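For this one, chain A is given, so just place chain B on it according to the hints.
Each chain is listed here by its residues.
There are 2 protein chains.
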Amino acid sequence: MRTEILAIGTEILLGQIVDTNSVHIAQELSDNGIYLYGTSTVGDNLNRIVESMRYSLSKCDALIVTGGLGPTQDDITRQAASIVMGVELEQDPQLVNIIEGFFKARNRQMPANNLLQALVPKGASYIEQRQGTAPGLICGIGNKVMYCLPGVPHEMKEMLSRAVIPDLLLRDGEKWAVKYSNIMTWGMSESAIAAKLSEEFDRLERMQLENELNTPSIAFLANLTTGVKVRISVSGQNTPELDIALNNEVSKISEILGDCVFSTTGESIEDVVKNTFISRNLTLSVVESLTGGLIGSRLVGVPGTSFYFKGSLVAYQSEIKHSVLKIKSESVVSALAVNEMAKAGLSLFDSDVCLAISGVAGPDSQEGKEPGTVYIGLYCHGDKLSTVNVEPVELKLFGTRDSIRQIAATSALDLLRKRVGLI
Amino acid sequence: MRTEILAIGTEILLGQIVDTNSVHIAQELSDNGIYLYGTSTVGDNLNRIVESMRYSLSKCDALIVTGGLGPTQDDITRQAASIVMGVELEQDPQLVNIIEGFFKARNRQMPANNLLQALVPKGASYIEQRQGTAPGLICGIGNKVMYCLPGVPHEMKEMLSRAVIPDLLLRDGEKWAVKYSNIMTWGMSESAIAAKLSEEFDRLERMQLENELNTPSIAFLANLTTGVKVRISVSGQNTPELDIALNNEVSKISEILGDCVFSTTGESIEDVVKNTFISRNLTLSVVESLTGGLIGSRLVGVPGTSFYFKGSLVAYQSEIKHSVLKIKSESVVSALAVNEMAKAGLSLFDSDVCLAISGVAGPDSQEGKEPGTVYIGLYCHGDKLSTVNVEPVELKLFGTRDSIRQIAATSALDLLRKRVGLI
Numbered sequence: 001m002r003t004e005i006l007a008i009g010t011e012i013l014l015g016q017i018v019d020t021n022s023v024h025i026a027q028e029l030s031d032n033g034i035y036l037y038g039t040s041t042v043g044d045n046l047n048r049i050v051e052s053m054r055y056s057l058s059k060c061d062a063l064i065v066t067g068g069l070g071p072t073q074d075d076i077t078r079q080a081a082s083i084v085m086g087v088e089l090e091q092d093p094q095l096v097n098i099i100e101g102f103f104k105a106r107n108r109q110m111p112a113n114n115l116l117q118a119l120v121p122k123g124a125s126y127i128e129q130r131q132g133t134a135p136g137l138i139c140g141i142g143n144k145v146m147y148c149l150p151g152v153p154h155e156m157k158e159m160l161s162r163a164v165i166p167d168l169l170l171r172d173g174e175k176w177a178v179k180y181s182n183i184m185t186w187g188m189s190e191s192a193i194a195a196k197l198s199e200e201f202d203r204l205e206r207m208q209l210e211n212e213l214n215t216p217s218i219a220f221l222a223n224l225t226t227g228v229k230v231r232i233s234v235s236g237q238n239t240p241e242l243d244i245a246l247n248n249e250v251s252k253i254s255e256i257l258g259d260c261v262f263s264t265t266g267e268s269i270e271d272v273v274k275n276t277f278i279s280r281n282l283t284l285s286v287v288e289s290l291t292g293g294l295i296g297s298r299l300v301g302v303p304g305t306s307f308y309f310k311g312s313l314v315a316y317q318s319e320i321k322h323s324v325l326k327i328k329s330e331s332v333v334s335a336l337a338v339n340e341m342a343k344a345g346l347s348l349f350d351s352d353v354c355l356a357i358s359g360v361a362g363p364d365s366q367e368g369k370e371p372g373t374v375y376i377g378l379y380c381h382g383d384k385l386s387t388v389n390v391e392p393v394e395l396k397l398f399g400t401r402d403s404i405r406q407i408a409a410t411s412a413l414d415l416l417r418k419r420v421g422l423i
Numbered sequence: 001m002r003t004e005i006l007a008i009g010t011e012i013l014l015g016q017i018v019d020t021n022s023v024h025i026a027q028e029l030s031d032n033g034i035y036l037y038g039t040s041t042v043g044d045n046l047n048r049i050v051e052s053m054r055y056s057l058s059k060c061d062a063l064i065v066t067g068g069l070g071p072t073q074d075d076i077t078r079q080a081a082s083i084v085m086g087v088e089l090e091q092d093p094q095l096v097n098i099i100e101g102f103f104k105a106r107n108r109q110m111p112a113n114n115l116l117q118a119l120v121p122k123g124a125s126y127i128e129q130r131q132g133t134a135p136g137l138i139c140g141i142g143n144k145v146m147y148c149l150p151g152v153p154h155e156m157k158e159m160l161s162r163a164v165i166p167d168l169l170l171r172d173g174e175k176w177a178v179k180y181s182n183i184m185t186w187g188m189s190e191s192a193i194a195a196k197l198s199e200e201f202d203r204l205e206r207m208q209l210e211n212e213l214n215t216p217s218i219a220f221l222a223n224l225t226t227g228v229k230v231r232i233s234v235s236g237q238n239t240p241e242l243d244i245a246l247n248n249e250v251s252k253i254s255e256i257l258g259d260c261v262f263s264t265t266g267e268s269i270e271d272v273v274k275n276t277f278i279s280r281n282l283t284l285s286v287v288e289s290l291t292g293g294l295i296g297s298r299l300v301g302v303p304g305t306s307f308y309f310k311g312s313l314v315a316y317q318s319e320i321k322h323s324v325l326k327i328k329s330e331s332v333v334s335a336l337a338v339n340e341m342a343k344a345g346l347s348l349f350d351s352d353v354c355l356a357i358s359g360v361a362g363p364d365s366q367e368g369k370e371p372g373t374v375y376i377g378l379y380c381h382g383d384k385l386s387t388v389n390v391e392p393v394e395l396k397l398f399g400t401r402d403s404i405r406q407i408a409a410t411s412a413l414d415l416l417r418k419r420v421g422l423i
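So the sequence lines, in the order shown, correspond to chains A and B. For the first sequence, the numbering used here assigns the number 1 to the initial residue and increments by one for each residue that follows. For the second sequence, the numbering used here assigns the number 1 to the initial residue and increments by one for each residue that follows.
What the hints contain is simulated information worked out from the structure, not anything from laboratory work. In this text the structure is predicted, and so the values were computed from the model without any measurement. We put the CB at the ideal spot given by N, CA and C, even for glycine. Accuracy of the hints is not assured; some may be wrong.
Pairs of lysine-lysine, DSSO-like flavour, derived with a Cα cap of 27 angstroms [stated by the list, open to error]:
1) A/Lys157 <-> B/Lys326
2) B/Lys326 <-> A/Lys328
3) B/Lys196 <-> A/Lys104
4) A/Lys229 <-> A/Lys343
Under 10 angstroms between C-beta atoms, here's a sample of chain B residues computed to sit facing chain A [what the hints assert, rightly or not]:
5) Ser233
6) Ser297
7) Ile320
Here chain A stands alone, though its shape is the one from the complex (with noise of 0.2 angstroms):
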């Protein structure tokens, strides 16, 4: 089965905005082992996304749009649809009753132009919106079939996985299945990783060419913020000999990466941390400075976090530090001062651990100190906590004002999850 992406928006054709929404398909596409063929991208414009869907759906089977379905004038993926379906419009009237509801639920005037949402075209099937008010549609052209989807992200990855991937699976019909797993890990570059496990690489590659059954293979996926995501797939007939061999490699993987690894099953490093904290019944207070909040943020993005997360100060002018915080450095970006602000942080939220950040985010230096110059200091108290060691780390971090803050985040909850997972 091949598959095929187009891109509609003539914002992305400006490089306003950089089409996340094809990278997230190709992503899921290729999970669940299924081919794309190539992607392209189109302007609002009538002709040319007819023309382009038209070239894109000669060289596959299944082709998924994206964008042009909102509720304004320049929205014509619908009408675009239905002429290479060639059919009309029409209104359903199902979606009327739920366009006319979400506004009614939200005790709002519906603008009448929201109507437009509610077209179909003749012998098309629609996708349910759980989120907006724009609905998918299923357009069945001879054996093919192309899914439009709002442009909208977080709209358009719910269509997806809910409708579009189990469809395309339930039509490509084979028992052929692609099992993976994620390896986290934080701290290790993507080229170091993978001269770790070049030994590895090379035995896999020798399974693959004596045609092994269930050969695993290794893709790499590097992120600034979520550090290298290490993905081991198998593909092969669905049978439980497949999830072994899934299970084994990716045990062997991650005890040859050790310590950088904190989870083989793709958990995020807020949801180790929380774990790491609630397992333990302990609680967590954090003092930011050049992160600003991001650390908090980026904790409480998971429910449940009020169980250990009791709060932060961020104290991010130098005179905070020294006016709420009472801390004595005269320097603010030094192990002093972070070790200071982790114990002012213990006591006044009253949690047994507290994790305390400083630097220079850039772009000038401070203190002479040099941009991406950060400090992380952890404090505990209570006899259980003893074995955390309580040195602050220093990092020299390169980058952007933004990619520092947010390595330097990723570092201290990585910090955390280590030492207080010691306890």
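The following block gives chain B in isolation, referenced to the frame of chain A:
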């Protein structure tokens, strides 16, 4: 002059890397008034690359190709270009010298396969590489042109601005330009904005039909975190009239949309808040609850925040609101609570203005209040601040835990720029 972009690489198709190259090229073309017709992506497969090059060239005058110029077996853009041109590949002696020189200058042995990079389709010229070893190509095909650039972003960018854009402008000859402005809004849905602009849409459509020069066009881009962006663009002869047409339309649309517009020049709301505070010489502190630090984190994303932002307290657990902030209200999700939180924050941080936010992010209800219930309070002291209304605002938001937090944060920043903007 119509251009197209073709990105080559299986790792892009698998979603393993984001194709930032096409985004960059699109921006450069737009900034230089060169018309981009479409973009596409294809994997490392000779037949499909040739097919994609031919199809793109059939639609445009100039094709910019990225990727596949490296020294390894899967780099086949040179072969594909020679097939599309209908000529042989030849080794260019000057290129051999340059590539050998690159390794000699670094005292490194040249791997033999690097000489693949000295191959040029007969009749094509090359673009000298100044950062690595892969030269670019300029391939004439009839009266059309195809540029092949390396996929490594900094190498691609350097060649694009040094060789490709100037060559395109020279070929273009016309002094055609596209100019645009982004009007940034918060608090109105895309469809409500479209409804408000429907008369203006009709007027512009009539102008278009009558082929009036410099007719602006309007496009929308909705985003959960940043609001609805209304892009006004005009294309035409690059004359002062073009700028006047753009500026007039921006003023007109801003006036129609009114208070929901926070910038007519594409600034982020964080920038607008910063400028509002700095120009009034005021300082800010924040007390957050459900957002967990997100507001502070977004504020410090802009350089220069330390001139006005003192810090924030994240009082995540209800207990902290009582123990640290000493609020008396039993309910922590209420107008009364955010009022007390803002007052307490003002005195804790000794700031001119304090913003406080509390609410239910979900998935569970709290104090019998549904997820999405959010209160925002604002407190100020001093005479000149009496213009700021300190009545708390109640919001009812919908969506996931993450989208509720994002919308709540932007709503709080929007309240800040509106109220403090009155001072």
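Chain A contact restraint for isoleucine 320 of chain B - C-beta distance below 10 angstroms: With a closest approach of 4 angstroms, the isoleucine 320 of chain B hint holds.
Lysine 157 of chain A paired with lysine 326 of chain B [C-alpha distance capped at 27 angstroms]: Status violated; Cα separation ~43 angstroms.
Distance restraint between lysine 229 of chain A and lysine 343 of chain A, which requires alpha-carbon spacing of 27 angstroms or less: violated, 34 angstroms
Pair hint lysine 326 of chain B and lysine 328 of chain A, alpha-carbon separation not exceeding 27 angstroms: Holds, at about 26 angstroms.
Cut-off 10 angstroms, beta-carbon criterion: hint that serine 297 of chain B touches chain A: With Cβ-Cβ at 4 angstroms, under 10 angstroms, it holds.
27 angstroms limit on alpha-carbon distance, applied to hinted pair lysine 196 of chain B and lysine 104 of chain A: holds, 20 angstroms
Chain A contact restraint for serine 233 of chain B - C-beta distance below 10 angstroms: Hint on serine 233 of chain B: holds, closest Cβ of chain A at ~8 angstroms, below 10 angstroms.
Taken one by one, the earlier hints fail for this structure at numbers 1, 4, listed in ascending order.
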